[in-house]
Each structure stands twice: as structure tokens, then as C-alpha cells.
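Just so you know, the sequences run in chain order A and B.
For the first sequence, the numbering used here gives the first residue as 23, with consecutive numbering after it.
For the second sequence, the numbering used here gives the first residue as 23, with consecutive numbering after it.
Because the hints were derived from the structure by calculation, they are not lab data.
Computed from a predicted model, the values in this text were never measured in an experiment.
Please note: incorrect hints may appear among the correct ones.
Part of the chain A face toward chain B, derived, beta carbon under 8 Å [as the list claims (entries may be wrong)]:
{"id": "1", "residue": "L75"}
{"id": "2", "residue": "A101"}
{"id": "3", "residue": "L102"}
{"id": "4", "residue": "G104"}
{"id": "5", "residue": "G165"}
Beta carbons are placed, not taken as given, at the ideal position from N, Cα and C, and that holds for glycine.
Protein chains: 2
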Amino acid sequence: MSLIVQKYGGTSVGTVERIQAVAEKVAKSQRSGNQLVVVVSAMSGETNRLIGLAKDIDAEPCLREMDVLVSTGEQVTIALLGMALKKLGVEARSYTGSQVCILTDNAHGKARIQDIDGHRIEADLEAGVVVVVAGFQGADEEGNITTLGRGGSDTTAVALAAALNADECQIYTDVDGVYTTDPRVVSRAQRLDKITFDEMLEMASQGSKILQIRSVEFAGKYNVPLRVMSSFEEGPGTLISLEDEDQMEKAVVSGIAFNRDEAKLTIRGIPDQPGVAYKVLGAISAANIEIDVIVQNVAKDNSATITFTVHRNDLTQAEKLLKQIATDLGAQEVDADDRIAKVSIVGVGMRSHAGVASQMFESLAKEGINIQLITTSEIKITVVIEERYLELAVRALHSGFGLDAPDPEQG
Amino acid sequence: MSLIVQKYGGTSVGTVERIQAVAEKVAKSQRSGNQLVVVVSAMSGETNRLIGLAKDIDAEPCLREMDVLVSTGEQVTIALLGMALKKLGVEARSYTGSQVCILTDNAHGKARIQDIDGHRIEADLEAGVVVVVAGFQGADEEGNITTLGRGGSDTTAVALAAALNADECQIYTDVDGVYTTDPRVVSRAQRLDKITFDEMLEMASQGSKILQIRSVEFAGKYNVPLRVMSSFEEGPGTLISLEDEDQMEKAVVSGIAFNRDEAKLTIRGIPDQPGVAYKVLGAISAANIEIDVIVQNVAKDNSATITFTVHRNDLTQAEKLLKQIATDLGAQEVDADDRIAKVSIVGVGMRSHAGVASQMFESLAKEGINIQLITTSEIKITVVIEERYLELAVRALHSGFGLDAPDPEQG
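Assemble the whole structure, with the sequences as input and the hints as a guide.
Put into C-alpha cells, the structure is as follows:
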């Protein structure tokens, strides 16, 4: 008998009919011999409805009360799922975060889980009861209701799986797994059977929206096998777990991630002086603008050039700040460019394979794509290119690293 | 400094604007030097919306899950009121029933309060914080969410007032107090400044819908002064409290209550035998039909006649049962009549005044109104009459017992 934690997001429980479909899935899994804990989000739209009510009262509502308010969203879902399971003859009990002692700090709206007391859940599971838990929420030491912030239901599921020492944590969503890249860009993208936590983290940070980064980090830290599956179709999904020597040897690159959310800023001809990077980037960070890729070069005349990327929404503000900094430092010029895209190849196989970077650059060069910036990590190589070449680059890399599915035309 | 518990019902918190108006009222009461605990219901319509979702899943949803579901209604209101108070600069904290340890039995959907631990609330009040509590809900010994059943928010308020030894429990509603009778029937009905718990109970059981009977019983038992006030207008309302010798001597009759929800059944010519009342009424009660007025007479031939009233909704079923009983007992006939009304005069003054009943009968006789049934209690006399004479009877009694407001025409 396996102990499985399942998590269903807002779309999967968006209507009474869908909640009934989730109940069927849960019932089926129990009948096949599993002990089940089910974590659910608020019905899609409900959290925004509640936030709307709050904003009608105060544009910046009290955060403590906000948590009391929005936590009702998940509470409605657990009750309805509990009823739907009973209707199917499955013994079930629903619990709020505070009822199953999901202890968090008191950072309302973005609390972090500190501890979970699994005794109550374990007693129910022993008795053959399906336990339904409200995601996204907990309580602080004083018993105040807290929420974990957007996407927090994934974290609830992983944390419960860790606390209960579950065999697997299944995240049900609207896709049937993690793909080698976005199938909308590469028609021959393939669902991955397996991927490591590290790879998933790199994919997620590069724009793959399937899982919240925090929940993957959490799963990796506690070694909870995560499986991404579809709420609406049958299938094995993608298993995210620790590295498996046998499996992972095969492919050097597991996936191609990309995004077009960023813009590039360059400041040129900064008279060389110690701490120039700090002077430039410190001021940007101080304005709460997140900086992603950073590259610094020194020219022949010893003047420095710094290039970095920020979210496109922050470009206008960042450019204004940078122009001020340029004046202060006596730099020559500032360039802004929002027509860029970022492409990464990700794979734990890179660690033991030389020449992956040059293979990547060769694939892009063959297509005549100019690389503007390069950064690397242990299991990822990222390049910034002109946005118009994005699809071309992704397809070239997907094919170049042998990720294409067999051509259906050729059987 | 007084400690006051205020309760606002669903209509009073039916919209964001009304919640803001409640916040203003609460803020004003705090500024005038009171410590405040505020109990609120779900926004009007919300509980029915939630019940609708449940019914879509199961016509008879699991009661435990039903409580998890509907308790979110009040939780939304406490959060919004908490925000609205903060917005006005009033320190406030909201709590669910289980957070302030409103311990109930485990009768889901109709739980009864067993204990309240007021320590958390008292600490907040000491610190100058307005405490907002979700009405209608609590938790059982195992921490399961329970609800007190319809109208339970009044009971929450009274129970909190008793536990905290509050100076007054104010029930805000859509009327400005308790009236001598329904102003829609008697234009010269007057708001009562004071009324006793016993009188209020008799008025409520006769159809005055202002307060839930259970909350008045509770207030009487723990001697919590209750005040009924309007959410929408200023005014002192009506104070419901223990008997006050000075005040209560004045009027023999405090109010006229009435209803037209009942129907009358008569079984005639039952051969006299021991236990005949039990044989007739036991079978009706066994079918879960509530019986109100009961009168039994014995005719000259020693045959018995029993007349009783039931709710009109139960008439068809009760009549069918009674016909079967008549056959079994060899009774002569069964009569059913749903065109009746019940009128009561209520007043603690009756205890020490003789001749109140005959004065009542005289008032009705003067108007040519025939009395079908009479029952009496220590502080109430009830008659059943033809429904068409109801308004006439109420006006005659209101005037006859000196309850009419001064005629505004005559200054």
C-alpha cells in the first residue's frame, strides 16, 4: 500500500462538475490500494472575487484580515470535495490548514511552513479515511490564519508529503507532464518520463510555469518524489526526483526553456573604478527591480561595459535610473532593448559531458542567430538573442540535442 | 467603561457599503468609551449560495462537511469588517468560532454551545482592540467545525456576553425595537423601552420574529441584558432584562402577539376511555408534527372531543393521520380548519392583576368576535379565532389594554 498526496489546482476544481470528477479520480486511486491525502486550491475565480471585496473596502487591506478572507476559498473546496467523496461512498474528512496544524511563520500573505503535525492525518489514514486538506494556508503560533501566497497549494502538498513520508506527491494540472520544450513552439516536443529536481528548477526559473519554484525546492530538499499529471486525461505524467544514474546518463540535455519576459539594458564607457558593478546594480536593486542575467566587460581603454536584463514591466523605470547613474559615473551611454529573448538548455548530463556549450553555439550559428549574452550554471547554459529568432533557436536546439519525437509521418 | 457585545445580522452586513456603515457604528461606540466585541452573520444571500453548491453535489450532503462549507460565510464577513475597522483607524482583530474556543457538542448543523474560553478576547479588549467574532459557529472537542443552526448568531452573541460578563448584548436588526404589536396591523403600536425575558419569550413563540427564542432563553438564564436596536437608524431600542419592579408595575399587558401559521384539527365523539388524549396526540407527534394549542372536553354522553393546532404546512398529513385514528377509536368525525388565527396578550403584570382574561374576552365580544379555543400561561392568554377577524381583534386588544400611542392628530 502506497501513501500518496494528490494536489488539484483551481482549474481542476473550478466547478461542481469538476470537483465531482476529482472525487472519481481520488476514489479510483483509493480502490487500487492507496492511502490518500488530497490538497485542493480555491475554485478558479474565487480568490479574485474575495480580493475584489477587500479592495472595495481598502486599496491596501490589512494583511492579517486578508488571510482570514482568502483562506475561505480553499475551505469551500475541501467541504465540497468531502461531500462528493462521501456521495461516492468513500469515507473522507476535510481539514483547514490550521486544523491539521500546518504551522507557519506570521508573514501574512507569504508565510512559510515551519512544521506539520501529521498525527491527526495519520490516524484518519489508518482508519481508511481519505483526508482532504485546504492548500495555501496554515496558522502561526498564536493560531492566526496565514496564507502561503500565490501557488502555495503546491507547497502545502509537498510539505504534507514530506511530513507524512509519502511515497509520491502528485500535482494534477492542465498539462499531462513536463515537456522537453513548449509544444506550441516545437511540435515534436516530448513529454519527459523523468527529470531531476535540479533540472526542473532550472526549467521553472526559465519560464516553465507548470510548478511553483518553491515547491520544487521543497520537494528536492526533503527528497519527495513529485509527479506532474493531467487532471483531465489519463497518463503517467512526469516524475521529478533525485538523480538516477542509469536513467540520466542517456541524454545530455533534458529540455529547452525560454522566455520573452525580459528586456536588456547596457551602460557603456564607465570610467574604470573599484566597485563599479555595485554602483550600477545596487541602485537598480534598491528600487526593488529584479535583475537576471549580468555580464561585465572591460574595453581596451579600461572603461567598463555592464549589460543586464530586467523584467519588461520594469524597463522604463530601470532605464530612467540607469541614465541618472550614467551621469553620476560619467559613463558614455545607456542602451535599452526590449526585443530580446532568453533561451536555455538544461540537463544534468552537462556535468559529465564536455563541449555542450560549443555544440549549442554551433546550432545557433548554423541558423545565423547572433548571441548577445551568455551565462552558464552547472546544469544550464543560457543565451540572450534577438526575440524574432526565438522559435527558430528553440527548434534548432531541440533538434540539435536529439530531443525531437520520432516523425509520425515516417511511422 | 462598559463591555458591550454587538451583533449584526445578514441584512446589516449584506454589502460592502453596509459593512462599512457597521464599522462606523462600532467605531463610534468605541470612541464613547466602550470595550467592544462584535458578532456578525454571513452577508445576506451567501449562506444560500453555499447551500446551493452543496445541493448540486448531494441532495443530502454530509453534515460535517456542510458545516465546513457554510462557516466560511461568516468568516468572509469578519475579515471584511476587520479591514473596514482598520481603515477607520480602529485596532481590530477577527476570529472564527473555533479560534476563540467556542466549544460545542458535535451535532453538526444544530450544535449547542457548551463552553467559551474568553481569555484571548479579554487580552485583546485590555489592549484596546475591537474583537470581531464569526457568529453561528464553533468547534467540537476534536476541533471539527460546527454550526449552531439558523439564527445561531444571536446565540453566539449572548453566549459571548455571558462568558465575558458583558454589561449589555446589543442585537442590531432591521427594526428599531420590540413593539407592543406589529405596526403593520396597528398603526398606533409603540416601541417598548423595556420588556422582560419571559415576556419576550412569549412574544417570540407567538410569532414575533425579531429574536431567536433560543438566544432569549440563553440571555434569561445567564441574566445578560439584551437590547434590540436598528442597524439603520439611531435610537435606544428595546432593553430585554430581568423583571424590574418599578418599571413593570405600570402596564398589565406589555404586548399583543399573533400568528396565522396554524391550522386547527378537531376529533369528536371519541368513546370515553383512559388515555384517549395520548392515543390521539401521540400518533401525531410520532409523525414529527408539532402540536401547539390543545383543548379537550367531555360531552354529556361522556364522549370526548379533542381540538389542537398544528402548523399549516402539516395540516394535510395530520388530517390523514387523524382520520385513521378516528376509525381506530370509533370516533364520530374529524374536522380540519386552516382559516384560524392565534392572538395572545402577554405581560408579567397579569400575575398580580385579576380579571385580565375577562377583560380580554370582553374586548373581543364587543367586536362580535367568537373565541374558538383558549389557553393560558402565567403571563400570557391565547385565543384562537377566525382568521378574518385577526386585525380587528389585535386592534381591539391593543386599544383595550391601553397600548395605543397618543393620537398624533390630537398633538
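(message) G104/A was flagged as interface toward chain B. Is the shortest Cβ-Cβ separation under 8 Å?
(response) OK, holds: G104/A within 8 Å of chain B, min 4 Å.
(message) Given G165/A as an interface hint, is its Cβ closer than 8 Å to any Cβ of chain B?
(response) holds (6 Å)
(request) For the hint on L102/A, just tell me whether its beta-carbon gets within less than 8 Å of chain B. (result) Status holds, d = 6 Å.
(request) Would you check whether A101/A satisfies its interface hint, that is, whether its CB is within less than 8 Å of any CB in chain B? (result) holds (4 Å)
(message) Next item in the hint list is L75/A. Is there a CB on chain B closer than 8 Å to its CB?
(response) Since chain B brings a Cβ to about 6 Å from L75/A, closer than 8 Å, the hint holds.
Violated hints are absent here; each numbered hint is respected by the structure.
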